[in-house]
Amino acid sequence: MSTETIIKAAEAARAAIVANESEIEHLDRAIGDGDHFINIRRGADTIIALAPELDGKTPSEALKAIAMKLMSTIGGASGPLISSFFLAASKTEGIDAPWTAETVARLTEDGVAAIQKRGKAGLGHKTMLDVLIPVAEALKAGAAAGEDAAALGARVVETAAAGKDSTRDLTAHYGRAAFLGERAIGTVDPGAMSSYVIIRAIVEAR
Amino acid sequence: MSTETIIKAAEAARAAIVANESEIEHLDRAIGDGDHFINIRRGADTIIALAPELDGKTPSEALKAIAMKLMSTIGGASGPLISSFFLAASKTEGIDAPWTAETVARLTEDGVAAIQKRGKAGLGHKTMLDVLIPVAEALKAGAAAGEDAAALGARVVETAAAGKDSTRDLTAHYGRAAFLGERAIGTVDPGAMSSYVIIRAIVEAR
Amino acid sequence: MKKLINAADAVLAESLAGFGKAHADLVEVSQEPRYVIRRGGGRPGKVALVSGGGSGHEPMHAGFVGTGMLDAACPGEVFTSPTPDQMIVAAEAVDGGAGTLFIVKNYAGDVMNFEMAAEMLDGESATILTNDDVAVESSTHSQGRRGVAATVIVEKIVGAAAERGDDLAALKALGDRVNAASGTMGVALSSCTVPAAGRPTFDLGPDEIEMGVGIHGEPGRRRETIRPVDALVEDMFRAIQKEIAPEGEVLLLVNGMGGTPLLELYLVYEAVAKLCAKEGLTIARSLVGNYCTSLEMQGCSVTLTKLDAEMKTLWDAPVHTAALRW
Amino acid sequence: MKKLINAADAVLAESLAGFGKAHADLVEVSQEPRYVIRRGGGRPGKVALVSGGGSGHEPMHAGFVGTGMLDAACPGEVFTSPTPDQMIVAAEAVDGGAGTLFIVKNYAGDVMNFEMAAEMLDGESATILTNDDVAVESSTHSQGRRGVAATVIVEKIVGAAAERGDDLAALKALGDRVNAASGTMGVALSSCTVPAAGRPTFDLGPDEIEMGVGIHGEPGRRRETIRPVDALVEDMFRAIQKEIAPEGEVLLLVNGMGGTPLLELYLVYEAVAKLCAKEGLTIARSLVGNYCTSLEMQGCSVTLTKLDAEMKTLWDAPVHTAALRW
Ligand SMILES: Nc1ncnc2c1ncn2[C@@H]1O[C@H](COP(=O)(O)OP(=O)(O)O)[C@@H](O)[C@H]1O
Ligand SMILES: Nc1ncnc2c1ncn2[C@@H]1O[C@H](COP(=O)(O)OP(=O)(O)O)[C@@H](O)[C@H]1O
Ligand SMILES: [Mg+2]
Ligand SMILES: [Mg+2]
Ligand SMILES: [Mg+2]
Ligand SMILES: [Mg+2]
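Chains A, B, C and D supply the protein sequences, listed in that same order.
Position one of the first sequence corresponds to residue 1 (the working numbering), numbered consecutively onward.
Position one of the second sequence corresponds to residue 1001 (the working numbering), numbered consecutively onward.
Position one of the third sequence corresponds to residue 2001 (the working numbering), numbered consecutively onward.
Position one of the fourth sequence corresponds to residue 3001 (the working numbering), numbered consecutively onward.
A couple of the hints might just be wrong.
Claimed, not checked - Here are the simulated DSSO-like pairs of lysine-lysine, each with C-alpha atoms no more than 30 angstroms apart in a straight line: (1) C:2278 / D:3002; (2) C:2002 / D:3242; (3) C:2046 / C:2312; (4) C:2002 / D:3002; (5) A:69 / A:91; (6) D:3242 / D:3278; (7) B:1117 / B:1069; (8) C:2242 / D:3002; (9) D:3242 / B:1120; (10) D:3274 / C:2002; (11) B:1120 / D:3172.
Unchecked claim - Each pair of labels, with its calculated beta carbon distance range: (12) D:3115 / B:1061: 18 to 28 angstroms; (13) C:2207 / A:5: 53 to 63 angstroms; (14) C:2228 / D:3203: 22 to 32 angstroms; (15) A:15 / D:3248: 54 to 64 angstroms; (16) B:1091 / D:3115: 17 to 27 angstroms; (17) D:3231 / B:1091: 51 to 61 angstroms.
By construction, these hints were calculated from the structure, which means they are not laboratory data.
Quick caveat, the model's predicted, so the values are computed rather than measured.
Using N, Cα and C, we set each Cβ at its ideal position, and we do this for glycine too.
Please build the complete structure, drawing on both the sequences and the hints.
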């Protein structure tokens, strides 16, 4: 059931990535090397293609298999970051029990912490973390407060959008955009954009 | 006096080449490699730059000096052909006596024969010879008939124009345009065009 | 997009297959996972040199696999870092029991993927991060400078030292030293086009150039109007000079970005040579050609490496790879 | 036009100066008249190999001057044949008393200029005319086929034979044999721009290619829409096959026109290799890279040479030039 959730989320993510191709590609062409769209689409495709193998696996097994597979297929900067997310999530406490809002909040928190550890970036560095860190916090707070699913979903999407927008006025400290210095100001970070788009799609698909 | 004539002719030729730059270049870009304009302008410049050295030389000495200098400056297909023309002309019978219409006809005939010998092409092969061979014949006939200078000049220009136009419907057998086969049909040969332009300018400058 | 390819997603596999056939005497190619190793694999007792990075920079790195240079190279998708599994399998295939030295260009993706490989690899390993691109002032970012063409010089010199039997720690120190002694600055006259993207990575006006461009088409210091090459090269030279303060003998690498005629690269060499003469620098060694490219980009980079006696000896040591041989 | 140059009319002089400095251990460069000779000049008793042609095809020919290949090269202006005075002075500078062998690509200008040089030169000489371009059917013109990339193969093989002491007549016969055993077909994805002209030699639409293009941007067989490289290469292969009917062992040269990424050239290699396998041909020797270029043109040419045992031995013989070394 929760493994199905993962596949369903990946399918929603893929559709959202494709629907926002030109926007994501445009941003990485502007302040990166133009391949972010391709990298994350490859990631989503990989998870979906893995579905038959995941059948019957526990969430921890499925998340770990996904992590290993993503690690060897995405490449680039996003590959290690995204696969670190899944690897950490596979070890999240209670991941094999039925999922609650708290489970989702916890796996997100663990996953985002792993991304920070791997990439050494933090809030305000104009990366995907400017979306992911606030989203993890919103999930945690909402779950703790027992917020209902619809309200929590809306808040998460809003938080992701704000995080994404916040990258526009920043200079980058990590990733290719960092080499641009001041010239990166005015352009949203592609990884932040794709994270927002994916999160929104997953929330909406729920 | 006749050495001065040569310089004067070169100056007229240069002006005509420059005035027809785009046309000549266009043709060599279409059926050659685009440099014919540059090559012949370099030739005219070379003769003009040589003027001080030619001062006081006999026509045979001057024509030979020009031939040797052109041989080492023009290059390409036109270099050997044009310098062969001047080398043969320098040896033309009676070249150091005061020039008459017959002298001009003879030196042209000798020069054109040398071009044929060097390049192995003949009439109808879509080269500069489609202008030069008929012009040499017209000069010879006119001089033999004692035609007056103005009439002869007009006939020469007319002959050159017709020769140039005749290359339009031909396929080439020599030079780069030969590699084009049927595709060369419809485009005037650049060497024929430049020969026409130069001959017209020299006649008009007389 | 016009390219000599069959399909964007088959580019790497087919090109690598051709590379393997064209240089079957020198290398072995694996497609799954993707890597290129020296024919016959590891040499017992020798530190294994493993590099890699996104494709599109050919001959770097696969063209430098062979005697006296790399033991293995891991090509990623075009402009996308390879993945840890490639690096691990390649490193195991060339393991000589003396440890693995990774040579990695300083990009977030490459750094993280090689880091994961190093963590997962059994046996000792060390990593040299090249970061010779002086285009972007390092103060503005935490990632540090980009690794570009000096990587070739590091791979050649460290490769020679590995061949003579230096140990892992010595090689790591040597590589860091060569990298620190090197500075590179690039300029683009046109963009490159990533096959999977299908259109140019950036757009330049008919008279515009990108000064300080990265080898993935990343923007550099500024967009400006083209000037005579002497003026462009002077700016590039000064930027390098400021960072590495060369004196005495240098190695000069004039590197084509992929779409620049050799005629122009030698002209650039002449421009740099004039400046070196003016500054009292001796070009003791040099290399001119396409070594660290950016697909079909027109432009070039200039690299200066301050040379010492050991580096010269190692530079001159025999090398036998697809792209460098003496 | 964007180029790494100072002024169109200084391109050749400055590039040649840079070439001379970058390869001072191998060559000597003269600017007035323009030529490049092996460092130290002629070898007594050895036939002197002299080539040349318009510039813009680098590394051809100056990049092939050195041990085991050319003794001298005469560069003309870009895409314009050099002149007899250059050839005569160069030939004299490398004269070893055993005669001069001119290697000339079959273009009206080159043929006539070298012919004049041969006529004026004291001492014995012979000329090999290369005409390997199968793009244009030879029946349609009296000039015969163009000489293109197989010239590199002729220069390498004849150069090795000259080095071992073959006489003028034997070298001439060998060169003619290699040339006759070779066929080349090129394709352009983009035009080149002659610096003095300042704009592209020809115009191609966004999806158009020129099949059978010449190395000066001369039109070829047809203008067509780009297709997958396997299909393009099949046409090129068939055109060559029709002319030289290869069987057994061949040498394969996949030559970049100047603006093509190496990634694509190896992909082309793979496409040719698949066809060779299908036709029962063995690629016994090969070369992939930019050897006979057309400034920054994107595209490539494929050359096949039918090999015999002697040619293979001579191909494998040591060569030490700026562009080829083994
Ligand atoms: N150190 C890092 N920490 C977090 N995110 C990063 C880091 N470096 C890069 N990123 C993210 O990765 C995105 C780029 O990913 P992608 O284009 O797939 O890889 P690459 O930069 O290797 O081409 C950036 O937009 C940024 O959001
Ligand atoms: N064999 C030949 N005989 C006479 N004229 C020739 C011959 N070959 C070429 N030409 C002439 O030379 C012209 C081209 O000259 P040019 O562009 O200067 O040299 P290249 O073809 O070497 O670039 C052609 O248009 C043609 O008129
Ligand atoms: Mg990217
Ligand atoms: Mg021409
Ligand atoms: Mg990338
Ligand atoms: Mg020409």
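How the hints compare with the structure:
With a CA separation close to 27 angstroms, the supplied pair residue 2278 of chain C and residue 3002 of chain D stays within the 30 angstroms bound. Proximity of residue 2002 of chain C to residue 3242 of chain D is assessed by CA-CA distance (about 28 angstroms); at most 30 angstroms being required, the pair is judged to hold. Proposed proximity of residue 2046 of chain C and residue 2312 of chain C is supported: the alpha carbons are some 21 angstroms apart, at most 30 angstroms. The hinted pair formed by residue 2002 of chain C and residue 3002 of chain D meets the criterion: a straight-line CA distance of about 20 angstroms does not exceed 30 angstroms.
Between the alpha carbons of residue 69 of chain A and residue 91 of chain A the distance comes to roughly 16 angstroms, so the proposed pair stays at or under 30 angstroms and holds. Taken as a hint, the residue 3242 of chain D and residue 3278 of chain D pair is honoured in the structure, with Cα atoms around 16 angstroms apart against an allowance of 30 angstroms. Between residue 1117 of chain B and residue 1069 of chain B, the direct Cα distance comes to roughly 20 angstroms. Compliance with the 30 angstroms bound is thereby established for this hinted pair. Of the supplied pair hints, the one linking residue 2242 of chain C and residue 3002 of chain D holds, its CA atoms being roughly 28 angstroms apart against a limit of 30 angstroms.
In summary, the hint linking residue 3242 of chain D to residue 1120 of chain B is supported, as the alpha carbons are separated by about 29 angstroms, within the 30 angstroms threshold. Between residue 3274 of chain D and residue 2002 of chain C the CA atoms are separated by roughly 22 angstroms; this keeps the pair inside 30 angstroms, and the hint holds. A C-alpha spacing of about 23 angstroms is found between residue 1120 of chain B and residue 3172 of chain D, which places the hinted pair at or below 30 angstroms, so the restraint holds. Here the CB-CB span from residue 3115 of chain D to residue 1061 of chain B is close to 25 angstroms, well matched to the stated 18 to 28 angstroms.
Checked against the hint of 53 to 63 angstroms, the C-beta distance between residue 2207 of chain C and residue 5 of chain A comes to roughly 55 angstroms, which is consistent with it. Look at residue 2228 of chain C against residue 3203 of chain D: about 27 angstroms separates their beta carbons, and that is inside 22 to 32 angstroms. With their beta carbons about 56 angstroms apart, residue 15 of chain A and residue 3248 of chain D fall inside the hinted range of 54 to 64 angstroms. Take residue 1091 of chain B and residue 3115 of chain D: their Cβ atoms lie about 19 angstroms apart, and the range 17 to 27 angstroms holds.
Under the hint 51 to 61 angstroms, the C-beta atoms of residue 3231 of chain D and residue 1091 of chain B, about 57 angstroms apart, fit the expected range.
In this structure, none of the earlier numbered hints is contradicted; all agree with it.
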